[in-house]
Amino acid sequence: MNKLLKNSIWILIAALGAAAVGGIALNRGESINTLWFVTAALCVYAIAYRFYAAWIAATVLAVDETRATPAERLDNGRDFVPTNKWIVFGHHFAAIAGPGPLVGPTLAAQFGYLPGTLWILFGAVLGGCVQDMVTLFLSTRRDAKSLGQMARDELGALGGTAALIGTFAIMIILIAVLGLVVVNAMKHSPWATATVSATIPIAMIVGLYMRSFRPGQVLEASALGVILLLLAVVGGGWIDHNPTLRTWFDHEGLTLAWWVMAYGFAAAILPVWLLLAPRDYLSTYVKLGTITLLAVAIIMLQPTVKMPALTQFIDGTGPIFGGKLFPFVFITIACGAISGFHALIASGTTPKLLSNERDIRMIGYGGMLLESFVAIMAMMAATVLDPGVFFAINSPAGVVGKEAIDAVAKISSWGFPVTVDQMQLLANQMGEATLFARTGGAPSLAVGMASIFGSAFGESMLALWYHFAIMFEAIFILTTLDAGTRVGRFMLQDMLGNIWPKMAETSWMPSVVLTSALVVAGWGYFLYIGVIDPNGGVNILWPLFGIANQMLAAIALCVATGILIKSDKLKYAWVTGLPLTWLVTITSAAAWEKIASDNIRIGFFSAANDLADKLAAGALPPEKAAVTPQLIFNLHLDGWLTLFFVVLLWLIVFDMLRVCSRYLAGKPVLPLAESPHTQSRLVEDWVRD
Amino acid sequence: MLSKLKGFWRVVRRLSGDDAYERYLQHHAEHHQTDTPMSKEAFFKQWQDEKWNGIKRCC
Chain A
22 MNKLLKNSIW ILIAALGAAA VGGIALNRGE SINTLWFVTA ALCVYAIAYR
72 FYAAWIAATV LAVDETRATP AERLDNGRDF VPTNKWIVFG HHFAAIAGPG
122 PLVGPTLAAQ FGYLPGTLWI LFGAVLGGCV QDMVTLFLST RRDAKSLGQM
172 ARDELGALGG TAALIGTFAI MIILIAVLGL VVVNAMKHSP WATATVSATI
222 PIAMIVGLYM RSFRPGQVLE ASALGVILLL LAVVGGGWID HNPTLRTWFD
272 HEGLTLAWWV MAYGFAAAIL PVWLLLAPRD YLSTYVKLGT ITLLAVAIIM
322 LQPTVKMPAL TQFIDGTGPI FGGKLFPFVF ITIACGAISG FHALIASGTT
372 PKLLSNERDI RMIGYGGMLL ESFVAIMAMM AATVLDPGVF FAINSPAGVV
422 GKEAIDAVAK ISSWGFPVTV DQMQLLANQM GEATLFARTG GAPSLAVGMA
472 SIFGSAFGES MLALWYHFAI MFEAIFILTT LDAGTRVGRF MLQDMLGNIW
522 PKMAETSWMP SVVLTSALVV AGWGYFLYIG VIDPNGGVNI LWPLFGIANQ
572 MLAAIALCVA TGILIKSDKL KYAWVTGLPL TWLVTITSAA AWEKIASDNI
622 RIGFFSAAND LADKLAAGAL PPEKAAVTPQ LIFNLHLDGW LTLFFVVLLW
672 LIVFDMLRVC SRYLAGKPVL PLAESPHTQS RLVEDWVRD
Chain B
14 MLSKLKGFWR VVRRLSGDDA YERYLQHHAE HHQTDTPMSK EAFFKQWQDE
64 KWNGIKRCC
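So the protein sequences, as listed, match chains A and B.
With the first sequence counted from 1, adding 21 to any position gets you the numbering used here.
With the second sequence counted from 1, adding 13 to any position gets you the numbering used here.
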């Protein structure tokens with residue numbers, strides 16, 4: 022009877038999920054409630070977690086709860102510590118959830134709500150969650166080794182090097198694109214700029230508090246920090262209304278970009294306790310709090326989605342970025358569906374805390390499900406806006422025109438009516454001078470969040486909510502930016518250490534300054550080009566980031582597939598092999614279009630040639646002609662970089678296939694690097710109780 | 014209800030690292046009884062530096 026009841030509940034969930042997904046997919050022309058999205062997501066996640074993830078854990082990976090984890094065997098009370106599973110889940114989720122799942126879905130909403138939503142749901146349960154869980158498992162079985170180390174041990178030197186280069190490249194591009202998102206959110210917005218700048222001294226106060234004033238009192242210091250942050254949001258409004266003060270914070274994009282670079286450099290060389298660590302505390306609290314608040318508001322309010330299921334832009338003519346639905350929706354939404362970067366957290370960091378292998382499903386698979394849900398909420402926040410407003414905020418001036426009147430005419434001509442008055446009213450409500458061409462996704466997400474929060478918790482404070490949302494995005498974008506710069510610095514020091522060992526000393530100041538400057542110069546270059554690009558830069562950088570991130574995911578899945586086959590689990594190799602095949606397909610297809618397309622809005626080289634022709638013919642206005650040589654050089658660089666990524670990807674795929682076919686043919690391959698079985702004492706203790 | 018609140022507070026302290034020193038003292042008492050443990054200040058410095066060595070945040 023009990024079993025029958027359980028089965029009926031699962032059948033009910035499956036039916037409800039199918040109805041909700043079907044409802045979303047087949048709905049045409051009528052407005053659809055966001056509750057459908059929440060229902061579809063929760064049902065899909067529940068079914069996938071209960072059945073697919075459980076099957077993978079039990080049958081494919083054969084997790085063994087009697088086996089001691091590295092946290093137990095190598096317990097040193099500091100980094101290797103067996104930890105309660107909910108605590109590990111919290112750490113893991115806080116580490117994997119960054120700004121990616123918020124920005125990607127917002128940009129991909131130009132295709133309509135349907136493609137992005139389906140990819141976020143099914144990409145996550147079949148791809149991203151599987152990648153995270155399998156990587157966590159493999160690293161747990163290998164003394165919490167990093168992805169690069171596992172690639173080297175199991176596949177060979179090529180795999181290891183590819184993982185290292187891939188990580189470094191993705192870091193540089195990720196930081197550049199995130200920097201661009203922040204710059205676009207602060208451009209000519211004294212309120213946003215003042216609030217975001219205030220987060221730096223606030224972080225330092227918190228850092229000093231927990232280092233010197235009350236050492237180790239993390240929660241006290243954080244509570245103080247969060248209060249100061251909220252005051253900074255209000256204080257930014259006060260500065261904005263003060264005619265003298267506001268000019269101090271009213272800047273061009275380029276000026277702000279230089280400031281962001283200076284900040285990144287300072288954060289990389291300053292001691293962690295002063296800036297990086299306290300800033301991370303604050304951003305984690307604000308992030309978790311805001312995401313929870315957004316979920317509560319959406320469930321309370323159940324706003325209606327105004328974006329159509331599909332827009333005409335699936336043909337590749339979209340204003341936010343060029344390119345057809347296939348493959349670009351899969352490149353644009355990386356985090357939230359599948360993100361290679363997670364493999365770096367799931368290997369190396371999280372396994373050091375894991376106390377029992379049976380929790381791998383909940384932490385690896387479950388953590389990514391939650392991130393996928395964050396992406397679904399970002400998609401909802403973007404699609405509850407009037408489509409006309411959404412496109413007016415996100416379309417770069419280079420596509421729709423610099424003047425408001427031209428922009429609204431163009432956007433209305435696509436069938437998404439919007440007026441100058443409507444945009445001006447919205448900008449006034451949000452406490453901004455204008456909302457036109459605020460590309461990068463952050464401002465439109467903030468408008469979406471502000472309208473949701475405003476309707477749920479009080480309409481009168483729209484401007485406060487808007488700037489709170491901007492602060493929320495900026496604070497953890499800047500955390501990723503400074504943490505990433507620092508990691509890049511360590512990696513570079515490590516690489517240069519192979520040539521001159523002294524460079525690898527992380528406390529030798531000349532090396533620290535030189536490598537930090539090189540890393541900042543790397544992402545600073547892309548940020549600079551993104552800011553001077555009249556088409557907004559996001560349309561170039563985001564696909565490049567997506568390709569790099571999916572390439573890293575493909576490397577992780579290659580390592581996983583190779584290990585499954587070497588463990589005599591050929592018949593289950595499809596579990597990682599299928600998402601790998603899909604990733605290789607979309608990454609190669611997107612890279613091919615970015616390289617070879619003769620559409621100047623997609624192909625890097627054709628865009629470069631087009632600009633060169635126009636420059637030679639003198640057809641460009643003087644201010645554009647001045648920056649055109651730089652843009653041409655950058656387009657060539659981006660094209661070669663894309664080619665490099667895709668060649669690297671194929672090299673590692675072939676290397677994995679070589680290792681697998683040698684193994685299957687009975688020829689010698691590198692042995693499995695799994696550490697030997699040790700009985701878990703934690704379980705014995707538990708059994709004895 | 015009170016015990017639930019206490020449990021929640023324990024989770025918050027654990028997640029944030031607020032109780033890291035207490036856990037260190039406990040670990041120390043269990044495994045290294047011979048030498049004296051670090052002071053709270055010294056421990057916190059080391060803990061924070063270690064926590065930030067490597068990739069800790071994602072996109």
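Worth double-checking, as some hints may not be accurate.
[Unchecked claim] Selected chain B positions facing chain A (Cβ under 10 Å, derived; list incomplete): (1) Ser16; (2) Lys17; (3) Val24; (4) Ala33; (5) His45; (6) Thr47; (7) Thr49; (8) Lys53; (9) Ala55; (10) Phe57; (11) Trp60; (12) Arg70; (13) Cys72.
Worth flagging that the hints you see were computed from the coordinates, not collected in a lab.
The structure presented is a predicted model; accordingly, all values stated were derived computationally and were not measured.
Built from N, CA and C at the ideal position, the CB exists for glycine as well.
Okay, the hints, checked on the actual structure:
Restraint check, Ser16(B) versus chain A: the minimum CB separation of about 16 Å is more than 10 Å; hint violated. Interface hint at Lys17(B): violated, since its Cβ lies 14 Å from the closest Cβ of chain A, which is beyond the 10 Å cut-off. With its C-beta approaching chain A no nearer than about 6 Å, Val24(B) sits inside the 10 Å limit, and its interface hint holds. For Ala33(B), the suggested interface contact is upheld, since its CB lies about 7 Å from the closest CB of chain A, less than 10 Å.
Interface hint status for His45(B): upheld, as the beta-carbon distance to the closest one in chain A is roughly 9 Å, under 10 Å. With 10 Å as the threshold, the beta carbon of Thr47(B) stays out of range of chain A, its nearest partner Cβ sitting at about 15 Å, so the hint is violated. Hint on Thr49(B) is violated. Least Cβ distance to chain A is approximately 15 Å, over the 10 Å limit. Taking 10 Å as the C-beta cut-off, the interface hint given for Lys53(B) holds, the closest approach to chain A being about 5 Å.
Here the hint on Ala55(B) is kept, as its CB sits about 9 Å from the closest CB of chain A, short of 10 Å. Taken as an interface hint, Phe57(B) checks out: its beta carbon lies about 4 Å from the nearest beta carbon of chain A, inside 10 Å. Nearest Cβ of chain A to the Cβ of Trp60(B): about 7 Å, under the 10 Å cut. The hint holds. Using the Cβ-Cβ criterion of 10 Å, the hint placing Arg70(B) at the interface with chain A is satisfied: the shortest such distance is roughly 4 Å.
A distance limit of 10 Å between C-beta atoms decides the matter here; for Cys72(B) the minimum to chain A is near 4 Å, and the interface restraint holds.
This entry does not satisfy hints 1, 2, 6, 7, going by the numbered hints stated previously.
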